[in-house]
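Chemist: Residues per chain are reported as follows:
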Amino acid sequence: MPIDILMPALSPTMEEGTLSKWLKEEGDSVAAGDVIAEIETDKATMEVEAVEEGRIAKHVVAAGTENVKVNAVIAILAEEGEDLEKAAQKGGSGDSAPQPEEAKSQAPASDKGEEDTGKDEKAKTPAAPVIAETAEDPDIPDGTEMVPTTVREALRDAMAEEMRANDDVFVMGEEVAEYQGAYKVTQGLLDEFGARRVVDTPITEHGFAGVGVGAAMAGLRPIVEFMTFNFAMQAIDQIINSAAKTLYMSGGQMGAPIVFRGPNGAAARVAAQHSQCYAAWYGQIPGLKVVMPYTAADAKGLLKAAIRDPNPVIFLENEILYGQTFDVPKLDDFVLPIGKARIHKSGSDATLVSFGIGMTYATKAAEALAGEGIDVELIDLRTIRPMDLPTVIESVRKTGRLVTVEEGYPQSSVGTEIATRVMQQAFDYLDAPVITIAGKDVPMPYAANLEKLALPSVDEVVEAVKTVCYKV
Amino acid sequence: MAPRKTSASSTRKPATRKQASGSKAGPKSGSKSGLEGGITEFSKEQELDAYREMLLIRRFEEKAGQLYGMGFIGGFCHLYIGQEAVVVGMQMALKEGDEVITGYRDHGHMLATGMEARGVMAELTGRRNGYSRGKGGSMHMFSKEKHFYGGHGIVGAQVSLGTGLAFANRYRGNDNVCLTYFGDGAANQGQVYESFNMAALWKLPVVYIIENNRYAMGTSTARASAQSNFSLRGNSFGIPGYQVDGMDVRAVHAAGQEAVAHCRSGEGPIILEMMTYRYRGHSMSDPAKYRSKDEVQKMRSEHDPIEQVKARILDQKFASEDELKQTDKKVREIVADSADFAQSDREPDASELYTDILL
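In order, the protein sequence lines correspond to chains A and B.
With our numbering applied, the first sequence covers 1 to 472.
With our numbering applied, the second sequence covers 1 to 359.
Honestly, the hints are just simulated from the structure, not real lab data.
Treat the hints with caution; some may be incorrect.
Pair by pair, the computed Cβ-Cβ distance ranges are [said to hold, decoys possible]:
1) A/Glu25 with B/Ala350: 33 to 41 Å
2) B/Thr40 with A/Ala128: 54 to 62 Å
3) B/Ala350 with A/Glu394: 27 to 35 Å
4) A/Glu85 with B/Glu295: 36 to 44 Å
5) B/Lys44 with A/Asn166: 45 to 53 Å
6) A/Ala448 with B/Ser265: 56 to 64 Å
7) A/Pro310 with B/Asp294: 51 to 59 Å
8) B/Asp315 with A/Glu52: 23 to 31 Å
9) A/Gln284 with B/Arg264: 41 to 49 Å
Distance condition first, Cα-Cα at most 25 Å in a straight line; then the derived BS3-like pairs of lysine-lysine [said to hold, decoys possible]:
10) B/Lys44 with B/Lys293
11) B/Lys293 with A/Lys21
12) B/Lys289 with A/Lys43
13) B/Lys298 with A/Lys21
14) A/Lys21 with B/Lys289
15) B/Lys44 with A/Lys24
16) B/Lys293 with A/Lys43
17) A/Lys24 with B/Lys298
18) B/Lys289 with A/Lys24
19) A/Lys90 with A/Lys69
20) A/Lys24 with A/Lys43
Footprint (simulated), chain A over chain B, 3 or more residues, beta carbon under 8 Å [claimed, not checked]:
21) 67-79
22) 123-134
23) 141-147
24) 156-170
Everything numeric in this text was worked out from a predicted model, so none of it was measured.
For glycine and all other residues, C-beta sits at the position ideal for the given N, C-alpha and C.
Whole structure, please, built from the sequences with the hints as guidance.
Modeler: Shown next, in the form of structure tokens:
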């Protein structure tokens, strides 16, 4: 059978090209790999190599022809022992090589005549699956002892409990072992679990993030501590391109069960490079879960859930919150659901949504507003991704008013995301435009007065709630 | 192309096969160990296996190039033609359980680990029975079963990941070794050295295989690398490094066996710089004008890895021309079958858009 040689596409965007030169004449023998022609693409002059062996029976397209469409027959190759003239006549029918339909502009569809080709399915984008209702927080039995615990201790306890339960869980990061943690979150872990499972790394964020992801791909359950998430920008390629995308790119064969954790956002007087909130950044990435707790109980229950989660989880802590004390239930295994907001205080006049350190402004504002007769419903989002919109929307349906609070930058913030989705899903319930309170649109300044101005304030939040309640 | 008997000479004469100065001593064997360029002759079976495996990669890649030209394969497509001896020789040095990870020029690695030609080709065409169900493409393919961990599109990222795979081996106390492949271009990425440091510090069982094909896309090693002897790149960390004739599958195999043994015995990482060459452009849209045709032709005619094996097989009468033709035919059948499959298999179901994002 004679073989059609087709005009090749030689770049991701090429649709046609110029056949500039034949390098093998009619009658010439060619072997696989021989250069037979030169083609000008939209990018460069390329050589066309033969894939099959044989002799050139005919040049269908003459040298110098412009605008030759991709997949047009340009020559006919006779197989070994075939008559050249007969081959030249027989060829060119185009049926010896399967033709992709609308090559390049659309992915080729099946040419086997199956009824239900993928191409038809492409016609419309399927609806995104609705996230099933996440489990509620576990009931805490009556009489459970509540132990005042700092966020720092709660995080350490969560790691220790999970490490006791599963040998595949280990912690790595800078100063996590012998120094006992730059912020003492890993205090005591080295003594209990040893250097095999509490691993001091060199200062090498990009590298150890990648090592952690590789270990997770192999099935271990690394907890990678960043001394702060500001330093994780060095590692963000591994977090996003390797950890978040591998499950999808492998068709579900392998993912990365890993937790990246550490303090996020502004501490105090550490200026621009050490004071940035990454909630919105990571919140954008499919394939990640993003958790940002406020209380010690949430920190513990959610970190335990994050360590058990088979997906990569970004766990955003806050240096200022580490020392704050909250009640934590004394239970053998206190695990909270990722993806579920918590109603911190119920109310009827306005909905206030915050998370992480933002809750410190929100709780104080709610108290102040209560004194002025405004009953706020305060929601602690706890998880940024997947986001518990149903809880927010249910509240907005009740109150008709919404204010969000966070420390991160204002553009494309978590608050603007909430506002957009509430506008789309609960427009008719809104009695006032949503106000999003965020950090100011500036790098964090060092001077104490400027730093204070750059962050949200309780007064701003109070003012915003009054504004949406038309009580200014 | 007429088979020409080639010597076992290296692709670059001056720097080859010398143990990197300043590095720790490698595995102790005779004065001409595999790491020092010593070649152990292959048995008949080894020669025939190597011939078949390399030919499969060559023909597969030629077919992939053809399907790209026909519009069946989209996006970026980086062919491995010319470098076949590297993965085939290294794979022959592995045992079940050892991991392999590489960058985006990965088709050869996948075939060498035993992944099915059909599944790889169907992934290239973006079909539902591709290894990643059509969602990864040429640069992102994986096989848990074959311990192949990708397939990574970000230059150098696989080096940290491979170091992590080796970390997991050490953590679990097994004796598996991770082969971490990267190119001379990736060798200039910062995370490579971050990984070298940790691998040496923690004595991780990882063989870093630098496939030096002389060009990082269009930039020659001389124009991009202050130290273009890549086997020396581990010196600061005390990682031994060796240059290996990457066009001679026997040299690759001999060096690979010793390198893998080095890792398995707990000695920590080791670097093998494979002196190799890619015949095609960087990707399908690269005309490769940055090098002369003579340079390419010289490599093809004097150092071709497949022709070298073929010449030895005929010379030693391990097989006749006719028998090799039968092998060629079988390989072509596998490739043609994979191409047919990859063209007729259906595209992924639209519902696949939303699967495999989270577990």
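Chemist: Against the range 23 to 31 Å, how does the distance between the Cβ atoms of B/Asp315 and A/Glu52 compare: consistent or not?
Modeler: Taking Cβ atoms as reference, B/Asp315 and A/Glu52 lie about 28 Å apart, which means the hint holds.
Chemist: When you check the alpha-carbon spacing of B/Lys293 and A/Lys21, does it fall within 25 Å?
Modeler: holds (16 Å)
Chemist: Measuring from beta carbon to beta carbon, are A/Glu85 and B/Glu295 in 36 to 44 Å?
Modeler: holds (39 Å)
Chemist: Taking the Cβ atom of B/Ala350 and the Cβ atom of A/Glu394, is their distance within the range 27 to 35 Å?
Modeler: holds (31 Å)
Chemist: At least three residues with a C-beta closer than 8 Å to a C-beta of chain A: is that true for the segment 141-147 of chain B?
Modeler: holds (count 4)
Chemist: Between the segment 67-79 of chain B and chain A, are there enough contacts, at least three residues with CB-CB distance under 8 Å, for the coverage claim to hold?
Modeler: Our answer is that it holds, as 8 residues pass the Cβ test (under 8 Å) against chain A, meeting three.
Chemist: Has the given pair, A/Lys21 with B/Lys289, been kept, meaning a C-alpha gap of at most 25 Å?
Modeler: With a Cα-Cα distance of about 17 Å, the restraint between A/Lys21 and B/Lys289 holds, given a limit of 25 Å.
Chemist: Need the status of pair A/Lys24, A/Lys43: alpha-carbon distance at most 25 Å?
Modeler: holds (23 Å)
Chemist: Between B/Lys44 and A/Asn166, does the beta-carbon spacing fit 45 to 53 Å?
Modeler: holds (49 Å)
Chemist: Closer than 8 Å Cβ to Cβ for three or more residues is the test here. Does the segment 156-170 of chain B pass it with chain A?
Modeler: holds (count 12)
Chemist: Please test the hint of 54 to 62 Å on the beta carbon pair from B/Thr40 and A/Ala128.
Modeler: Check passed, 57 Å falls within 54 to 62 Å.
Chemist: Given a hint of 33 to 41 Å, does the C-beta separation of A/Glu25 and B/Ala350 actually sit inside it?
Modeler: violated (48 Å)
Comparing the model with each earlier hint shows violations of hints 1, 10, 15; every other hint is respected.
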